[in-house]
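In order, the protein sequence lines correspond to chains A and B.
Residue numbers 1 to 474, in our numbering, belong to the letters of the first sequence in order.
Residue numbers 1 to 474, in our numbering, belong to the letters of the second sequence in order.
No lab work stands behind these hints: they were computed from the structure.
Be aware that a few hints might be false.
Unchecked claim - Derived DMTMM-like pairs: lysine to aspartate or glutamate, alpha-carbon spacing no greater than 20 angstroms straight-line:
hint : chain 1 : residue 1 : chain 2 : residue 2
1    : B       : 370       : A       : 78
2    : A       : 76        : B       : 379
3    : B       : 83        : A       : 382
4    : A       : 2         : A       : 110
5    : A       : 58        : B       : 379
6    : A       : 28        : A       : 92
7    : B       : 58        : B       : 68
8    : A       : 225       : A       : 246
9    : B       : 83        : A       : 379
10   : A       : 58        : B       : 382
11   : A       : 370       : B       : 67
12   : A       : 181       : A       : 155
Said to hold, decoys possible - For each label pair, taking beta carbons as the anchor points, the in silico distance ranges come out as:
hint : chain 1 : residue 1 : chain 2 : residue 2 : range
13   : B       : 133       : A       : 370       : 48 to 56 angstroms
14   : B       : 157       : A       : 394       : 47 to 55 angstroms
15   : B       : 382       : A       : 155       : 25 to 33 angstroms
The beta carbon of each residue, even a glycine, is placed where N, CA and C say it ideally should be.
There are 2 protein chains.
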Amino acid sequence: MKKHYQNIVIGAGSGGMTVAIGLAALGKEVALIEGHHVGGDCTNVGCVPSKTLIHLAKNFKDGANPDEVLRETIRKRDFLRDKETEEVKEVENLTFIEGMAKFSAAKTLDVTNSAGETQQITAENIVISTGARPRMLNVDGLPAERAMTNIDLFDLENAPKHIAIIGAGVIALEMAFALQKIGTKVTMFALDKRALMSNIPEAAEAIQASLDKKGISTYYGATAKIYDEASQTLTLTQGDNDIAVDAVDKVLVAIGRVRNIDSLGLEQAGVKSDPRMGILTNSFGETNMRGVYAIGDVTSTSAFTHSANAQGRRVVQRIAFPFLPMAKKEPLFPNATFSDPEVASVGLTAAELGASCHQNTIKRIRVDLKGNTDRAYTDGIEEGFIIVDAVRLTGRILHATIVAPHASEMISFFTLAMSQKISLYKIYRLVYPYPTFSSGILKVGDFFMRETLTNLPKEIGAYLRYRFARPTKK
Amino acid sequence: MKKHYQNIVIGAGSGGMTVAIGLAALGKEVALIEGHHVGGDCTNVGCVPSKTLIHLAKNFKDGANPDEVLRETIRKRDFLRDKETEEVKEVENLTFIEGMAKFSAAKTLDVTNSAGETQQITAENIVISTGARPRMLNVDGLPAERAMTNIDLFDLENAPKHIAIIGAGVIALEMAFALQKIGTKVTMFALDKRALMSNIPEAAEAIQASLDKKGISTYYGATAKIYDEASQTLTLTQGDNDIAVDAVDKVLVAIGRVRNIDSLGLEQAGVKSDPRMGILTNSFGETNMRGVYAIGDVTSTSAFTHSANAQGRRVVQRIAFPFLPMAKKEPLFPNATFSDPEVASVGLTAAELGASCHQNTIKRIRVDLKGNTDRAYTDGIEEGFIIVDAVRLTGRILHATIVAPHASEMISFFTLAMSQKISLYKIYRLVYPYPTFSSGILKVGDFFMRETLTNLPKEIGAYLRYRFARPTKK
Numbered sequence: 001m002k003k004h005y006q007n008i009v010i011g012a013g014s015g016g017m018t019v020a021i022g023l024a025a026l027g028k029e030v031a032l033i034e035g036h037h038v039g040g041d042c043t044n045v046g047c048v049p050s051k052t053l054i055h056l057a058k059n060f061k062d063g064a065n066p067d068e069v070l071r072e073t074i075r076k077r078d079f080l081r082d083k084e085t086e087e088v089k090e091v092e093n094l095t096f097i098e099g100m101a102k103f104s105a106a107k108t109l110d111v112t113n114s115a116g117e118t119q120q121i122t123a124e125n126i127v128i129s130t131g132a133r134p135r136m137l138n139v140d141g142l143p144a145e146r147a148m149t150n151i152d153l154f155d156l157e158n159a160p161k162h163i164a165i166i167g168a169g170v171i172a173l174e175m176a177f178a179l180q181k182i183g184t185k186v187t188m189f190a191l192d193k194r195a196l197m198s199n200i201p202e203a204a205e206a207i208q209a210s211l212d213k214k215g216i217s218t219y220y221g222a223t224a225k226i227y228d229e230a231s232q233t234l235t236l237t238q239g240d241n242d243i244a245v246d247a248v249d250k251v252l253v254a255i256g257r258v259r260n261i262d263s264l265g266l267e268q269a270g271v272k273s274d275p276r277m278g279i280l281t282n283s284f285g286e287t288n289m290r291g292v293y294a295i296g297d298v299t300s301t302s303a304f305t306h307s308a309n310a311q312g313r314r315v316v317q318r319i320a321f322p323f324l325p326m327a328k329k330e331p332l333f334p335n336a337t338f339s340d341p342e343v344a345s346v347g348l349t350a351a352e353l354g355a356s357c358h359q360n361t362i363k364r365i366r367v368d369l370k371g372n373t374d375r376a377y378t379d380g381i382e383e384g385f386i387i388v389d390a391v392r393l394t395g396r397i398l399h400a401t402i403v404a405p406h407a408s409e410m411i412s413f414f415t416l417a418m419s420q421k422i423s424l425y426k427i428y429r430l431v432y433p434y435p436t437f438s439s440g441i442l443k444v445g446d447f448f449m450r451e452t453l454t455n456l457p458k459e460i461g462a463y464l465r466y467r468f469a470r471p472t473k474k
Numbered sequence: 001m002k003k004h005y006q007n008i009v010i011g012a013g014s015g016g017m018t019v020a021i022g023l024a025a026l027g028k029e030v031a032l033i034e035g036h037h038v039g040g041d042c043t044n045v046g047c048v049p050s051k052t053l054i055h056l057a058k059n060f061k062d063g064a065n066p067d068e069v070l071r072e073t074i075r076k077r078d079f080l081r082d083k084e085t086e087e088v089k090e091v092e093n094l095t096f097i098e099g100m101a102k103f104s105a106a107k108t109l110d111v112t113n114s115a116g117e118t119q120q121i122t123a124e125n126i127v128i129s130t131g132a133r134p135r136m137l138n139v140d141g142l143p144a145e146r147a148m149t150n151i152d153l154f155d156l157e158n159a160p161k162h163i164a165i166i167g168a169g170v171i172a173l174e175m176a177f178a179l180q181k182i183g184t185k186v187t188m189f190a191l192d193k194r195a196l197m198s199n200i201p202e203a204a205e206a207i208q209a210s211l212d213k214k215g216i217s218t219y220y221g222a223t224a225k226i227y228d229e230a231s232q233t234l235t236l237t238q239g240d241n242d243i244a245v246d247a248v249d250k251v252l253v254a255i256g257r258v259r260n261i262d263s264l265g266l267e268q269a270g271v272k273s274d275p276r277m278g279i280l281t282n283s284f285g286e287t288n289m290r291g292v293y294a295i296g297d298v299t300s301t302s303a304f305t306h307s308a309n310a311q312g313r314r315v316v317q318r319i320a321f322p323f324l325p326m327a328k329k330e331p332l333f334p335n336a337t338f339s340d341p342e343v344a345s346v347g348l349t350a351a352e353l354g355a356s357c358h359q360n361t362i363k364r365i366r367v368d369l370k371g372n373t374d375r376a377y378t379d380g381i382e383e384g385f386i387i388v389d390a391v392r393l394t395g396r397i398l399h400a401t402i403v404a405p406h407a408s409e410m411i412s413f414f415t416l417a418m419s420q421k422i423s424l425y426k427i428y429r430l431v432y433p434y435p436t437f438s439s440g441i442l443k444v445g446d447f448f449m450r451e452t453l454t455n456l457p458k459e460i461g462a463y464l465r466y467r468f469a470r471p472t473k474k
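Just chain A, with the same shape it has in the complex (with noise of 0.2 angstroms):
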């Protein structure tokens, strides 16, 4: 008995939700299987939860109750969780599977439910959205309920009195700053050499000037050596030496994420995955099997719910509008870290910038948001810029980083720019609204004017020189 579907989608996350829900409003059957919780990471562990975290630890007041802060987090995320559960059983056109999905041939699902029952279901095409998971990490004598993910963050409703975060991505910068805010000591360590790796490394600087001036302790090219619970003594090893850090109550681990794709039987269905880049897809979300489809965390693309989301579009559209005409390229993905201050950045990464081009065609301009925005003074900012990559002398964008209080809602005017192909000489038209950050966008506009036209003769030379040569590699 097996139910046939015009499409399946596996994983209730919100890239999985915005091709069902897309595909359903367009009048397309769709089965949508979730075997925990629909909304997935981002309602559940992640976005959702970690920025209602962050704005009740901003407006958290001394003396307020921490324990109140955490609870109301659950309290909003599970609102947020039933309405969308409940929503999604309503969509016309789409019916939601509760369960496990597993390939037992092509185009071929085994669903088993918590009850332990099977069904087989097929269908034309399977989208894979079933995300990624925290990489754990086992810390010697560390009791089970003292250790941590994202995971269990969210449940918690004690404040920790004090908290080691293992890790220094995206995370554990956005938790350290948070449970601060709220009381807790934080104490922050990684086996990086820095924070943020996945940003340039001015970023790191600024998080860090930021994470001391709050008395947050951080270590790098640190690991955890052991725990000892009678005395709450978490020791970490940091080169040659030890280094005790006392009555730690709970570790936060956030060393990365692994990808759901091991118990997914990919090999019955011939989808083809690699360790490193899990499954393998064109920019359209198409795997090596026709009509089969990723998005989201199980690809290599970007583990933002944003990208996921926009994965998730264009999918839609190759499905439901196959002979309409879709950009190749997959449109640009920002990135933004809601630290304190905030971190965003769009366009080419340190190394693709350095692989794509000659380091001599390329001017980096760096406004720091001190001394150059009055809004900087009236709010009393110390740390924070805007870093522009652009090809010299056509001033065309390549990449933005901003570190900036608001620096996630300041980062799609770059998106936009760079897309449309805006060079630095149109924005310097512009007029920004004074106090603001933003506004900082000008200075960098000014500064490329200023080098490019006082010495022309030298850019037009390195430009024409270097446009065409080979990269540099460091």
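Start from chain A and add chain B according to the hints.
Structure of chain B alone, referenced to chain A:
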């Protein structure tokens, strides 16, 4: 003994400083004349102290001392004023002259300093940037020491217990929200029928909801009748009713501004002005008299620091590089009100929209933050939206208004899109970081696409029929 300069700038506010420092940096000789404080309204009694106060008020904790907030605002203002005053006197090629300037003939100024001494100076180019001052209003019975404008407000060292604010524009609103946060009771009233008359009514509605929630009393179509010092009662008249507002210890008058042009001797210089429009200029800031320019608040274009600066930049280019081509049209001037939430807009006003296009050619898209952005959910935001007016079918953007916590940082996206004629079709393809308020922009694109594609024949018909039709004024 007339002293002659290449260039004279009258007024060392933001606009004047932009011109004076800009010309001096290009090696041009400049005399900068200022009768009061360097920095003008922006540094001394405008943007800088108001944004400092707004920032401190936002972070005000229960039990803290509100007077400390006011004193810190003064301290930061004074520091910046002193710094700017020092810096301007050290600029190469720039002569700073203390005094009030008055034309005695074309290109000739009498400058009288505070000691009463007058010198005569002449120049090839004279730039008038004397700004504006608050319009005053006398309330019967109100002692002078209880009445304030923004000029006195930022010298106040003790927070009022209950302030009555006359006016409902930018200054009135910014101060109402900020003072309420530091514990001052606020009553706001205005002759206008709503707040923010220069923005669309939807913005006023959102702000009104926020005013109401914060317990700021507002009366529209209301005027001050009399103040009784014995009982500290301010009586308002609203229609046929008198309203007694009790225990008012300060009254802030914020009912608009008067251009500082009366004592300039414009007649002697032959420079044309108009009671309603101020000094008349073309888009390059040129008055009817060759070599005499006017920028900023003395003109009719815009009353914001950023617009004065933008006009100043154009005048610098016009004077320093007269043969370089320059865009005939002034750039788009965005506007921003730092209320809570913020209001920012760019593009055609409602009146300009009505006068320039037939209403059937325009599609208005409104995306409320609540319900459309998860950030509104995590941050508990009730009020706020993105409203875009675009040309039907083509998606060309004519106007955007944003009401959101950081609207002032979000609006430049639309300034860029509009100035580069980027349609909503392209904006629909961008990826916005999640979860941000900016992701509401994607919903604007979605909405436009859906409405257009699902009603294509109707949309094409309406566009073709009305695109050259005469506007229907309401």
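Comparing the hints with the structure gives:
1. 370/B to 78/A: OK: residue 370/B and residue 78/A at ~18 angstroms, within 20 angstroms.
2. 76/A to 379/B: This hinted pair holds, its Cα atoms lying about 10 angstroms apart.
3. 83/B to 382/A: Answer holds: residue 83/B to residue 382/A is near 18 angstroms, not above 20 angstroms.
4. 2/A to 110/A: The hint holds at about 10 angstroms.
5. 58/A to 379/B: 10 angstroms, holds
6. 28/A to 92/A: 9 angstroms, holds
7. 58/B to 68/B: 14 angstroms, holds
8. 225/A to 246/A: 14 angstroms, holds
9. 83/B to 379/A: 17 angstroms, holds
10. 58/A to 382/B: 18 angstroms, holds
11. 370/A to 67/B: Roughly 26 angstroms between the alpha carbons, so the hint for residue 370/A and residue 67/B is violated.
12. 181/A to 155/A: With Cα atoms ~19 angstroms apart, residue 181/A and residue 155/A stay inside 20 angstroms; holds.
13. 133/B to 370/A: 48 to 56 angstroms: Check failed, 31 angstroms falls outside 48 to 56 angstroms.
14. 157/B to 394/A: 47 to 55 angstroms: For residue 157/B and residue 394/A the Cβ distance comes to about 54 angstroms; the hint holds.
15. 382/B to 155/A: 25 to 33 angstroms: 28 angstroms, holds
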